[in-house]
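Novice: Chain residues, written in single-letter form:
Protein chains: 2
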Amino acid sequence: MKATFIHGTGDVRVAEVEKPTIAEPTDAIIKITATCVCGSDLWPYRGTDEIAEPTRMGHEYVGVVEEVGEEVSSVKPGDFVVGSFCLSDNTCEICADGYPSRCANGGFVGEAQSEYLRVPLADGTLVPTPSHPEEDLIPSLLAASDVLGTGWFAADEAQAGPGKTVVVVGDGAVGLLAILSAKQMGAERIIAMSRHADRQALAREFGATDIVEERGEEGVARIKDLTGGLGAHSVIEAVGTQESMHQAIASCRPGGYVGYVGVSHGVSLPGEELFASEVHLMGGPAPVRKYLPELIRLIFDRAIEPGKVFTKEVALDNIAEGYRAMDQREAIKVLVRP
Amino acid sequence: MKATFIHGTGDVRVAEVEKPTIAEPTDAIIKITATCVCGSDLWPYRGTDEIAEPTRMGHEYVGVVEEVGEEVSSVKPGDFVVGSFCLSDNTCEICADGYPSRCANGGFVGEAQSEYLRVPLADGTLVPTPSHPEEDLIPSLLAASDVLGTGWFAADEAQAGPGKTVVVVGDGAVGLLAILSAKQMGAERIIAMSRHADRQALAREFGATDIVEERGEEGVARIKDLTGGLGAHSVIEAVGTQESMHQAIASCRPGGYVGYVGVSHGVSLPGEELFASEVHLMGGPAPVRKYLPELIRLIFDRAIEPGKVFTKEVALDNIAEGYRAMDQREAIKVLVRP
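Chains as they are written, first to last, in the numbering used here: chain A, 2 to 339; chain B, 2 to 339.
Just so you know, these hints were derived from the structure itself, not from any lab.
The model shown is predicted, which means the values in this text are computed figures rather than measured ones.
Errors might be hidden in some of the hints.
Examples of chain A residues toward chain B, derived with CB under 10 Å [claimed, not checked]:
1. Gly99
2. Asp226
3. Gly229
4. Tyr258
5. Val264
6. Ser265
7. His266
8. Glu274
9. Ala277
10. Pro286
C-beta: ideal position from N, C-alpha, C; glycine also.
Chain A extracted, bound-state conformation (with noise of 0.2 Å):
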């Protein structure tokens, strides 16, 4: 089967390798319909993380089980499932906390970008739709497996919700899903921190009120001028950087919430900084597990359409082009059909 390999800064290629088989009796193979690049692609694709040798790609999917483990009893081959790019069996400590990308037992996806994929701990990481899904509502399934359930988990923890102010750092694909959890929680305010007139577009569609363009110090004022000079009671990083993080806690009134997605990279928080903040911070890689039901039910009503992020679609083959285009920003985020 084809897969997609990354080796080197900017140089991402698909190659033939063998498709995987049943190796644990709670494992599943899937047949993958759609899967896509992750913002968090981009980490080794612009070298910002290293690359030691040629490493499989992709942990977002949605596919058709074509075998099951022996042990495998809540998914059987022909169901249509959406997948957290995290592994969780979905019954130990953890996860019954609710953090099941965090799963005691677990583990992550790592091999999605390609024409089938082996998914451990099948019973606890995949969900059956409750049909085979209309074409159409296939990138926002797709959505659901990262973007949308991290969007989700970052609204979820910083509180988003009826009555709330709620700033958005991040325009890229998680920050504008965030902005459609905070509509869909209730919120009654939202503001998107982007200067990208697509990514401000797609924002208003999904649900924000106010566009803030400025950042670092002059955003925080901006935040501060639009909130009665407290800051927001809750706020949503969705990059993952030392100036982003700053924006985010800095935006935010004491006593108010963070939700941070952004896969951290280079960031160091003072102490003081955050002891004079009094703000509650939470973040990490998101519990997609434990939304995926309620967000399966939302696209299948029509309530959503987190979709709308994938701007451009490419073949399994011409994958690269992908990347590129997101590299890039002229794709949001891009779909990738084996």
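Got chain A sorted already, so can you dock chain B onto it with the hints?
Specialist: Leaving out everything else, chain B in the frame of chain A:
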């Protein structure tokens, strides 16, 4: 009247100053019944915080109202009162959200180690006791003014409660009273990290079920051993150093809660570590005013005796000896009588 000044490292003196008078209609003047030396007073005493000029000290106090401004309605001359170390109007949005320590119109008390104290925003800052307390309750009421309220806040933000395992990093007065707080909140297991026999004894008296003497990675390993490899549900940080913050975060399970109240000194938190830890992090100056009514009730009911942290008492004239004894760890906390 007599008041305490710090002049430089290890140099605390009492001097005569003008007795304070009502300056704003929202002020109260109180005659201090008891004040004390705070662990945070040791930062300048030890030279960690710079002292530019002789500076008044003290932010913990109980006393009797002597005079009130014309707008003060909730306390009156003759009332025995406990006040927070933070000033708050108790009506702004931030106060209403439960963070009076960050009142939009607030500030800090800084001249309480004296005979009299002017308390701005008296209505929102002071809480009168149900009656004049019996003498033996005074240390406990004084503890409520900061160290108990601070430990309570840390335990509250760490979500200490039934079924929870709580780790307390730091065995000073705040750490010890965080143990008492977690116990009151119904925590199932409370692990005190302490190396001092006298403090371990008080920790156990306040409700600690386990003592861990190891620190650093060994300390983390011991906590993991005691929590099925997962880490604690709730962690309280009551020191304020890089080591103690790392200890706290690393001892917490994914999805768990860290409440930090040690005044941060030279702390820098790596974003990657935070992202990978995936713990809820919240701390800062404790919103003591929010908890005072409940804490005063518990003390008057003799359900708790936080005053046990005062292991030494000195007269105001002799307060330098109190600083010395705390600096040398001869006393856990020193009560001062004007």
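Novice: Compare the structure with each hint and give your call.
Specialist: Verification of the hints:
About 6 Å separates the beta-carbon of Gly99 (chain A) from the nearest beta-carbon of chain B, less than 10 Å, and the hint is met. A hinted interface residue such as Asp226 (chain A) counts as satisfied when its beta carbon comes closer than 10 Å to some beta carbon of chain B; here the least separation is about 15 Å, so the hint is violated. Annotation: interface hint on Gly229 (chain A) holds; nearest CB of chain B at approximately 7 Å, less than 10 Å. Among the interface hints, the one on Tyr258 (chain A) holds; its C-beta lies about 9 Å from the nearest C-beta in chain B, closer than the 10 Å criterion.
With its C-beta approaching chain B no nearer than about 7 Å, Val264 (chain A) sits inside the 10 Å limit, and its interface hint holds. Because the beta carbon of Ser265 (chain A) sits about 3 Å from the nearest beta carbon in chain B, less than 10 Å, this interface hint is met. Checking His266 (chain A) against chain B by beta carbon gives a least distance of about 8 Å; that is within 10 Å, so the hint holds. Taking 10 Å as the C-beta cut-off, the interface hint given for Glu274 (chain A) holds, the closest approach to chain B being about 8 Å.
Against a cut-off of 10 Å between C-beta atoms, the interface hint on Ala277 (chain A) holds, since the closest Cβ of chain B lies about 7 Å away. With a cut of 10 Å, the hint placing Pro286 (chain A) at the interface with chain B holds, because the nearest CB-to-CB distance is about 7 Å.
The structure shown violates just one earlier hint, number 2.
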